[in-house]
Each structure stands twice: as structure tokens, then as C-alpha cells.
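With the sequences and hints as input, model every part of the structure.
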Amino acid sequence: MAASPRTTPWALKWGWYGGEVANARPCASTYEYYSTCVPAIPATKYQDLAFLADPDVAVIPKYGHLGDAMADYTHPNEQTRAVNATKMNALLATDPDVPPSFVRFMTSKALQSNLPSCTACYTYLGDPVTIRELNNMRIVMFYRDQQDCLAWYLVLDGEHAGRVVGSPFILGTGADDDEWDVDAFVGDSALCATSFDEFLYRMWVENHVWFNTSTPPAVAEACQWYQRQCHYVAQQARATGEQP
995 MAASPRTTPW
1005 ALKWGWYGGE
1015 VANARPCAST
1025 YEYYSTCVPA
1035 IPATKYQDLA
1045 FLADPDVAVI
1055 PKYGHLGDAM
1065 ADYTHPNEQT
1075 RAVNATKMNA
1085 LLATDPDVPP
1095 SFVRFMTSKA
1105 LQSNLPSCTA
1115 CYTYLGDPVT
1125 IRELNNMRIV
1135 MFYRDQQDCL
1145 AWYLVLDGEH
1155 AGRVVGSPFI
1165 LGTGADDDEW
1175 DVDAFVGDSA
1185 LCATSFDEFL
1195 YRMWVENHVW
1205 FNTSTPPAVA
1215 EACQWYQRQC
1225 HYVAQQARAT
1235 GEQP
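The numbering used here puts the first residue of the sequence shown at 995, with every later residue one more than the last.
Quick caveat, the hints were computed from the structure, so don't treat them as lab data. The beta-carbon is built from N, C-alpha and C at its ideal position, and this holds for glycine as well. Any given hint could be a false lead.
As the list claims (entries may be wrong) - Here are the simulated DSSO-like cross-link-like pairs (lysine-lysine), alpha carbons at most 30 Å apart as the crow flies: (1) K1007 - K1039; (2) K1081 - K1103; (3) K1039 - K1103; (4) K1007 - K1081.
As the list claims (entries may be wrong) - Pair by pair, the computed Cβ-Cβ distance ranges are: (5) K1007 - G1235: 15 to 21 Å; (6) Q1230 - P1094: 31 to 37 Å; (7) Q1073 - P1093: 23 to 29 Å; (8) T1080 - P1020: 40 to 46 Å; (9) A1114 - A1214: 43 to 49 Å; (10) K1007 - T1080: 32 to 38 Å.
Next comes the structure, spelled out in C-alpha cells:
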């Protein structure tokens, strides 16, 4: 029997894929999806990407607990940098209105090097993908987990232009094919940031929290602020009976 035609449009939900924030947001695996324990971030926190560019706060935690095992480690960013540069030129030829901060970050070794990741995520600029079922929304992958547990995409056009989508789906051209499962994609993906800059800041501060960074002071202050906000929204969620 043929499936009944869909009567409601597909729509992405809002949420965040992340890890544990101590005593505020538990995480039973590498990542979990959170719909409530995601505090708002004032735009002043990430203005001009100062949190990455300021030499007083640009510090990357080390995997000290792994000792000599990391001595010969090459970050995946080093392996993708040349390809990313070529793909950025191609993207700008078709989408010249991508956010300037996106171009700046994706072409800057220094800024990329100052974004910590406890799960070894790395920059990876893919090819634009069109999702017909979401009003022909076009997205492009820019960041992915080293084990491909998750990927993050910049929305290039439409009502969500400039926002970021997090998804466990690694899209190449699959969304252009007839066989891909749009229900699964929409069900498991989420709009996770109102802007690229906001996404970078949340990634930056959550990973510094995970590494328990205490220096320099500006990083410690950012982590303490974020943890307080997480505690607050967690208390709000519990008070209303909501799940994280």
C-alpha cells in the first residue's frame, strides 16, 4: 500500500547537541540532544570573534591525560586546510553573501587553532546540499566530529540563512537523491544557533568547561559565567517538569 501523502510541512526543531556541563547538564554518551539546558548567549560575548582572536584568551587545552600518545598527533584541521581554501573560493563564487565571520574563521589557521574540542572535531568545508523538502533550503557542512557522530552545517539561504544546523547525518549529495530519508534527517537534526558566531562561542566555552580550564582568567570567567547560566536554565526546566 502506498504511503499516505504528508499533510504538514517538515520543519526543523531548535536544540543543541553537546556534552556534559558539570552538575547542570548530564550526558550519558559522547553527545546528547538538549532542548532546554541551553542558555542564551548575549551577542556581546561573541562580537567580532574576539574570544578566539584575543591573545589573552586564545589558549587550547592539552590532552595531558594521554601523555606521550599525543606527541605525534596531527590535528585534522591541518589535513583539510588546503581543500577548505579551494572549496571556500568555489562557495564564494556561488554564495557571496555568506557571513564574513564564516569566511574569516574557515580561512584562519589561528582562529581554528583556538577552538578546543574534547571530541576532536575539525573544520571540513563540504559542497552545498539542497533539501527540497525544507523549502529548497541549501546548507553546507563546515565542522564535523572526527568519528562522524555529528556534523554541523551553515544555512545558506531562506528563512534560516546564517543559522547553524547540527545533525548526525553526514550529507554529501544524499539530500538531492530520491532515496534519502527526510523524516529521519528532520527528526534527528536541529537548528542549534541563530548565527555562526554564536555557534562558535558555545562550542568554545562548552569545551573549555569540559577541559576544566582555569587559566587565563578571561577563559575561567567565561566558563564560570556559562556554568551559572546552565545551572539557572536547568533549575527552570526542573521547576516546570521539562526534560533537558
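Unsatisfied constraints (hint numbers, rising): 9
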